[in-house]
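Q: Heads up: the protein sequence lines correspond to chains A and B, in order.
If you use our numbering, the first sequence corresponds to residues 1 to 129, in order.
If you use our numbering, the second sequence corresponds to residues 1 to 64, in order.
Everything labelled a hint here was simulated from the structure, so no lab data went into it.
No residue lacks a Cβ here, since even glycine has one placed at the ideal position from N, Cα and C.
The reader is advised that the hints may include incorrect statements.
[Claimed, not checked] Dumping the calculated EDC-like pairs for lysine to aspartate or glutamate here, alpha-carbon to alpha-carbon at most 20 Å:
id, chain 1, residue 1, chain 2, residue 2
1, A, Lys-73, A, Asp-90
2, B, Lys-8, B, Glu-50
3, A, Lys-105, A, Glu-82
4, A, Lys-105, A, Glu-93
5, B, Lys-52, A, Asp-56
6, A, Lys-73, A, Glu-117
7, B, Lys-49, B, Asp-2
8, A, Lys-105, A, Glu-117
9, A, Lys-21, A, Glu-93
10, B, Lys-52, B, Asp-2
11, B, Lys-59, A, Glu-117
12, B, Lys-59, A, Asp-46
13, B, Lys-52, A, Asp-86
14, B, Lys-8, A, Glu-117
15, B, Lys-59, A, Glu-26
16, B, Lys-49, A, Asp-86
17, B, Lys-49, A, Glu-26
18, A, Lys-73, A, Glu-101
19, A, Lys-105, A, Asp-86
20, A, Lys-73, B, Asp-56
21, B, Lys-49, A, Glu-82
22, A, Lys-21, A, Asp-86
23, A, Lys-21, A, Asp-90
24, A, Lys-73, A, Asp-56
[To be verified] Covered by chain A, according to a simulated footprint, are these stretches of chain B (three or more residues, beta-carbon under 8 Å):
id, stretch
25, 6–17
26, 42–50
27, 53–62
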Amino acid sequence: MGIYTIAGFVIAAVFLSLAVKSYRPEYSVFIGLIVTVLIVVSVLPDISRLFNFISDTMARSGTAAQWMQPMLKGLGIGIVTEIAADTCRDAGENSMASRVELAGKVAIMIVALPLAEGVLSLVSQLVNG
Amino acid sequence: MDVNLIFKIAAIGIIVSVLNQVLIKSGREEQAMMTTLVGLIVVLLMVIKEVKYLFDIVKSTFGL
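Work out the full structure: start from the sequences and follow the hints.
A: Pasting the structure below:
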């Protein structure tokens with residue numbers, strides 16, 4: 001889906017959502033969620049193309065590919081967390097949104113742990129060596 | 001998994017709302033509540049299928 005399709009489709013979905021909001025507000029949240037799913041699914045191949053380019057550049061410059069992994073995983077966790085939190089906020093549940101964001105922050109920190117260990121071992125090598 | 005899903009969900013929402021009003025006005029309130037719940041569950045199943053598809057793609061793209 002090109003950008004024009006996505007933009008037009010979102011504008012149509014906004015009006016559909018407004019039409020049902022005053023009668024059945026839960027269907028507005030459903031429509032919002034489906035719009036999110038459709039757009040993210042259509043944008044993901046381009047994101048992965050960008051990431052392939054970045055990792056090829058990093059491989060050519062000699063950086064180990066393992067340092068790229070936590071960044072990639074962190075981005076994926078961020079996207080999923082944002083989808084869940086925004087759906088909660090659309091439905092008016094601000095506290096649930098904050099809880100899921102907390103879970104996402106913890107998950108990203110766990111995924112970034114190998115990077116922190118690498119930095120610490122590098123620093124201790126520099127200090128001792 | 002296409003654009004028509006949104007129109008289907010909006011249509012189900014409008015149908016459920018109309019049925020709800022008709023049933024309430026004719027005095028059958030339990031049936032009105034049941035149609036509301038059934039509509040909600042049907043749409044929830046449709047949406048969860050799409051969300052699972054999205055999460056599978058995200059998992060495979062980002063290597064999670």
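Q: Hints first: check each against the structure and report whether it holds.
A: Results for each hint:
1. A:Lys-73 with A:Asp-90: 26 Å, violated
2. B:Lys-8 with B:Glu-50: 14 Å, holds
3. A:Lys-105 with A:Glu-82: Between Lys-105 of chain A and Glu-82 of chain A the Cα gap is close to 11 Å, so the pair holds against 20 Å.
4. A:Lys-105 with A:Glu-93: 19 Å, holds
5. B:Lys-52 with A:Asp-56: 30 Å, violated
6. A:Lys-73 with A:Glu-117: Between Lys-73 of chain A and Glu-117 of chain A the Cα gap is close to 17 Å, so the pair holds against 20 Å.
7. B:Lys-49 with B:Asp-2: Distance of about 13 Å is within 20 Å: holds.
8. A:Lys-105 with A:Glu-117: Given that 20 Å is the threshold and the Cα spacing comes to 18 Å, the pair holds.
9. A:Lys-21 with A:Glu-93: 16 Å, holds
10. B:Lys-52 with B:Asp-2: 15 Å, holds
11. B:Lys-59 with A:Glu-117: Cα-Cα ~25 Å, so violated.
12. B:Lys-59 with A:Asp-46: With Cα atoms ~15 Å apart, Lys-59 of chain B and Asp-46 of chain A stay inside 20 Å; holds.
13. B:Lys-52 with A:Asp-86: 17 Å, holds
14. B:Lys-8 with A:Glu-117: Between Lys-8 of chain B and Glu-117 of chain A the Cα gap is close to 50 Å, so the pair fails against 20 Å, i.e. violated.
15. B:Lys-59 with A:Glu-26: Distance ~28 Å between Lys-59 of chain B and Glu-26 of chain A Cα, so the pair is violated.
16. B:Lys-49 with A:Asp-86: Given that 20 Å is the threshold and the Cα spacing comes to 19 Å, the pair holds.
17. B:Lys-49 with A:Glu-26: Given pair Lys-49 of chain B, Glu-26 of chain A holds - Cα atoms ~17 Å apart, limit 20 Å.
18. A:Lys-73 with A:Glu-101: The given pair, whose Cα atoms are some 16 Å apart, holds under the 20 Å limit.
19. A:Lys-105 with A:Asp-86: 15 Å, holds
20. A:Lys-73 with B:Asp-56: 14 Å, holds
21. B:Lys-49 with A:Glu-82: Judged against 20 Å, a Cα distance of about 19 Å means the pair holds.
22. A:Lys-21 with A:Asp-86: Roughly 17 Å separates the two Cα atoms, so the pair holds.
23. A:Lys-21 with A:Asp-90: Answer holds: Lys-21 of chain A to Asp-90 of chain A is near 11 Å, not above 20 Å.
24. A:Lys-73 with A:Asp-56: With Cα atoms ~17 Å apart, Lys-73 of chain A and Asp-56 of chain A stay inside 20 Å; holds.
25. 6–17: Our answer is that it holds, as 9 residues pass the Cβ test (under 8 Å) against chain A, meeting three.
26. 42–50: Per the Cβ count (4), the hint holds.
27. 53–62: With 8 residues in contact (Cβ-Cβ under 8 Å with chain A), the coverage given for the stretch 53–62 of chain B holds.
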